[in-house]
Amino acid sequence: MKTAIFTTLALLAAAPAAAQTMPLIIENGDGGRITITAPMTEERMIQLAAENACEKPFIRDLKGWSLYAVCITDARAEAEAILAARKAAGMELALLR
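If you use mature numbering (1 follows the signal peptide of the UniProt record, and there is no 0), the sequence shown corresponds to residues -19 to -1, 1 to 78, in order.
What the hints contain is simulated information worked out from the structure, not anything from laboratory work.
All C-beta atoms in this analysis are idealised placements derived from N, C-alpha and C, irrespective of residue type, glycine included.
Heads up, some of the hints might be wrong.
Across the chosen pairs, the derived CB separations fall in these ranges [unchecked claim]: (1) Lys44 - Glu24: 22 to 30 Å; (2) Glu61 - Ala19: 31 to 39 Å; (3) Lys68 - Ile40: 36 to 44 Å; (4) Ala(-16) - Lys68: 32 to 40 Å; (5) Glu24 - Ala(-16): 12 to 20 Å; (6) Leu43 - Ala69: 37 to 45 Å.
Hey, can you work out the whole structure from these sequences and the hints?
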């Protein structure tokens, strides 16, 4: 799982700045939509890495969902540890432009 988390974090950080944004779509009361592009936060990068490392179970598999929740918690902790270790060592993930 650690390899999947590291790979996802590296790919997210290595993406061009334009790709490190996420669209926010806001619907008006009259049916129109407004799209705002927001930068991807470190918290969102951790969440994406955790979701990529853990396989979602079938919707009616209750035990699977319980195991998925544990997997997400463990994966988030690993991703946070990886990022904390990189910050403590003074390393930054390279951004390609």
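Status of each hint after checking the structure:
For Lys44 paired with Glu24, a C-beta distance near 28 Å keeps the hint of 22 to 30 Å intact. Hint check: Glu61 to Ala19, Cβ distance near 21 Å, so the stated range 31 to 39 Å is violated. The given range of 36 to 44 Å is respected by Lys68 and Ile40, whose C-beta atoms sit roughly 38 Å from each other. For the pair Ala(-16) and Lys68, the supplied restraint of 32 to 40 Å is violated, since their beta-carbon distance comes to about 21 Å.
At roughly 19 Å, the beta-carbon separation of Glu24 and Ala(-16) lies within the given 12 to 20 Å, and the hint holds. The given range of 37 to 45 Å is respected by Leu43 and Ala69, whose C-beta atoms sit roughly 39 Å from each other.
The structure fails to meet hints 2 and 4 from the earlier list, while all remaining hints are met.
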